[in-house]
Amino acid sequence: MAGLFDKQPSLRFNQRITKFDRQHALNGTPAQKYAFMENVAINVDSFQNARDFIDALLMRTTRAKRPGGLWIVGEGGVGKSFILADLINRYPQMDTDVARITPVLGISFEERPSVSSILIELLIQLGQDPQLIHYRRNADLQRMLIDALPSCGTMAIFFDEAQHLWLTARSRKSLDRKGGALGDFIKQLYDKTHVAFIFCGTPGLTEIFKEDSQANTRWSGTLQLKSFNYDSVFIGLLKVLDQAAPLREECGLAKNYAEKLYQSTRGNFRLLKRLLAEAVYIAAMQDADKLSAEHLAEAHFGIFCDQENPFK
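Numbering of the sequence shown is given in my numbering, commencing with residue -12 and proceeding in unit increments.
Honestly, the hints are just simulated from the structure, not real lab data. Don't take every hint at face value.
[Said to hold, decoys possible] As a list, the in silico EDC-like pairs of lysine to aspartate or glutamate whose alpha-carbon atoms are at most 20 Å apart:
{"#": "1", "residue 1": "K197", "residue 2": "D171"}
{"#": "2", "residue 1": "K299", "residue 2": "E281"}
{"#": "3", "residue 1": "K213", "residue 2": "E246"}
{"#": "4", "residue 1": "K242", "residue 2": "E281"}
{"#": "5", "residue 1": "K197", "residue 2": "E62"}
{"#": "6", "residue 1": "K197", "residue 2": "E148"}
{"#": "7", "residue 1": "K213", "residue 2": "D39"}
{"#": "8", "residue 1": "K299", "residue 2": "E246"}
{"#": "9", "residue 1": "K247", "residue 2": "E237"}
{"#": "10", "residue 1": "K179", "residue 2": "D134"}
{"#": "11", "residue 1": "K247", "residue 2": "E281"}
{"#": "12", "residue 1": "K277", "residue 2": "E236"}
{"#": "13", "residue 1": "K277", "residue 2": "E237"}
[Unchecked claim] The following label-pair restraints were derived from C-beta to C-beta distances:
{"#": "14", "residue 1": "D178", "residue 2": "S219", "range": "42 to 52 Å"}
{"#": "15", "residue 1": "K179", "residue 2": "M272", "range": "51 to 61 Å"}
{"#": "16", "residue 1": "N76", "residue 2": "E148", "range": "13 to 23 Å"}
{"#": "17", "residue 1": "D171", "residue 2": "D293", "range": "39 to 49 Å"}
{"#": "18", "residue 1": "D84", "residue 2": "Q118", "range": "20 to 30 Å"}
Predicted model, so just to flag it, every value in this text is computed and none were measured. Quick reminder that beta carbons are idealized off the backbone N, C-alpha and C, glycines included.
Put together the whole structure using the sequences plus the hints.
Here it is in structure tokens:
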């Protein structure tokens, strides 16, 4: 495994966004250090590819009636939420005297939604008074949404946990109607709104964009996220996280703890950042200059309740 350390992947933490925040966290409380470490943006290839594709997608909304879309697919903790959070951060909502400028609308699902609940949620985000839109017919709500999107500068709608939109209980639907009536509504809404659609969800969505021709020709972009392998990319990631950690000194995460960190987190990005955030908090509470094996061991137990601790 020594060869892993000879390569230098082009990874970095997003200093343009986080430089001030890191300095603030470095001088801040243990809780602020924890929050910074858990949320710091790292430009791994999948993250940067998503950024580049989404930026081009949103730019295309200025010239295309049907600009297209993107499917972001992966198990929990592989980076989907970081991509969506970055999207909102870079295209923020702004209130003006005449409209609520909302470049990106977002909606997340815990279960299969109704058409009316989707339309109402999107309209509320655009500044509509909830009292004026409840109990309206779906056709009226849809017209209100289509009319409001241009004046609000909306370029994209993302649907988080989108498997709830598309994956029915193994019905006998034809391959091009896998989402049933709700899937048909989403396709028709896209055709009428002239904004990009971004779907983010579990690997079950792969079945949709592979087999539903009405979906995959409307939204042809695909990004499949996975946990990291134990390779040069993971080593590079640890080097960058070591640089980003809001402590006074680096501890050599890649050189001293790489194998143990991989054993602890199995390469899952969310678990890795959570573990390091916990370790940074523990170190900060002790006013330590850098992370140690003891901090990582305590963090591992605190996250996983695991006595078989790789850091001991």
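Hint check against the structure, violated hint numbers in rising order:
none
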